[in-house]
Amino acid sequence: MAVTAIVILRIKNLFTVVMLGGIYSLLSAQMFVNLDAVDVAFTEAAVGAGISTVLMLGTLALTSREEKSEKKSSRTFWLPLVVVFSTGIALIYGTLDMPDYGDPNAPVHHHVAPRYLLDSEGEVGMPNVVTSVLASYRGFDTLGETTVVFTALVGVLILLATRRRRKDNDAPTLADLEEQEDDA
Amino acid sequence: MMKRKPILRVTSKVFMPFILLFALYVQFHGDFGPGGGFQAGVIFASSFILYALIFGLHDAKMVMPSSVLEVLAALGVLLYAGVGVVSFFVGDNYLNYNSLAHDPLHGQHYGILLVELGVGVTVFAAMTLIFYTFAGRGR
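So the sequences go chain by chain: A and B. One point on numbering: in our numbering, the residue at position 21 of the first sequence is 21, and numbering is uninterrupted. One point on numbering: in our numbering, the residue at position 129 of the second sequence is 129, and numbering is uninterrupted.
Isolated chain B (complex conformation) (with noise of 0.2 Å):
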């Protein structure tokens, strides 16, 4: 797409693993700092749709097809229902997480940390396939 724009490239490039980096420290320090599963997700999604712009939808979509996206989507909002009803099971409340594990403090952390997983998976999925699609859509 941007063949002759070396500094884009190339600052791009650096810049990505620390985007990505920065999006699982908000993710999983959420709990001891501000951030969390949203934020988190639209930060990773905004390393992509970097990629996206500065290397073209084509090669975007070679690291992360839509297809895997649509599954993650649904795979979050998934696993988030999917505690509530583990701990549904294991004798407590919907999303109650005090009986995840043998320490009602553990099974808050536990529960916290898988919930904000989901939720951070399937803000990343939907914002980058909105992305795709509102790119792909003029050509």
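Extracted from the complex, chain A is given alone in its bound form (with noise of 0.2 Å):
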């Protein structure tokens, strides 16, 4: 994973960074099959190797497949190193109070994680946890997160779907919109 991340940073052709990244994702999906997460792995495998893959090509065929290349100047670097060190340390630093992995005394195993474990088979009657979890006892949760699909749905459909192309120099200009706002 970290080789393919690596390489995404420093190719040019847009094209073999599209295809690293659906690597990637299913790289990662393998990491959640050794965390025994399937579902999460399922899920990633489908949008993060599948879909996203396919409508980042869409959008390459949009615009051009070479990236374009910028002047590096040596203030640019130091800057933005200095900061990702500095954000990794403090999270490093963070993690040395978390529980050891797999932690049977860990808190987020004795809030509400055993009564998901040990109950849900009387109280939803799924054999799949994750299932029971996701549409029942969180259901509210749920419902929200397919409203979001939603409005990222409608959001696409009106920032991108014109019925008739519009060419470009027909696209209201800053100065148009002025004027219609000081019409009204």
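Hints listed in this document are in silico derivations from the structure and should not be mistaken for laboratory results. Please read these numbers as outputs of a predicted model, since none were measured by experiment. Be aware that a few hints might be false.
Stated by the list, open to error - Per the computed footprint, the stretches of chain B lying under chain A, defined by three or more beta-carbons under 8 Å from a beta-carbon of chain A, are:
1. 16-24
2. 65-77
3. 108-114
For glycine and all other residues, C-beta sits at the position ideal for the given N, C-alpha and C.
Both chains are given apart, each in its own frame, so use the hints to dock them into the complex.
Following this line, the structure appears as structure tokens:
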């Protein structure tokens, strides 16, 4: 995964970058399988490696294939590096207080998780606890997520779906918009 | 679109029904195995996206017009929220499925099945429609 990420950063051909992004998603899906989170891995493989790669390719067809090379100056090189390293060090320092991986006494395992694991069979009757948590215990959240997907669709439609294709010089300029505002 | 790629055309046609069937399996088997409405919707959408990639956007839109998809996307959210409203009227909290059937467990089953169906339909319609708009923009 690390190798793919670094290659994505270095390479200029955007087509390769999109493909490597798909590979990265697939690798992280395998990571989720290793962590026994099959549902998450499923989603990652379908959405991350599948749909978003295709959408990126669709976007790529509208723009250019090669990344424009920028001039690198040493000043813009050092500041981001310092920021990234200090953030990373702060995050790693934060993980020192966290319980060990798989520690049964960790607070996560004592809040609502035991009830889900022990009682969901009797209360909801689903063998797959993930589904019962998602659709029943956390039904409100999932309703919100579905609404988010719907809202995203509406946003894309409003922004991109024009019934008649507008030519570039036909698009309203800032001055036109200001005039309209003045009229209103 | 790809008139001279017989291998792609034939393989995609062969794969289509299996992808659709797998999506339905993931949708309705989500109670017992991994999966659920979200994943199923994406897989269902991916089959249509595959079709659009191979046979062109025009043919895909003849199979699944975007006007239908727009209705479906809204219908999924409506189904989800509607289940909540129904459970509201049969004497329980919003989105509490216990009272949907005589046995609370059966009620939960029906509720989750319907809710997941709503999620699946919305996700499928949204993903396919987003792809349509992206792909249709370049021409």
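Status of the hints after comparison with the structure:
1. 16-24: violated (count 0)
2. 65-77: holds (count 5)
3. 108-114: Coverage by chain A holds for the stretch 108-114 of chain B (4 residues, Cβ < 8 Å).
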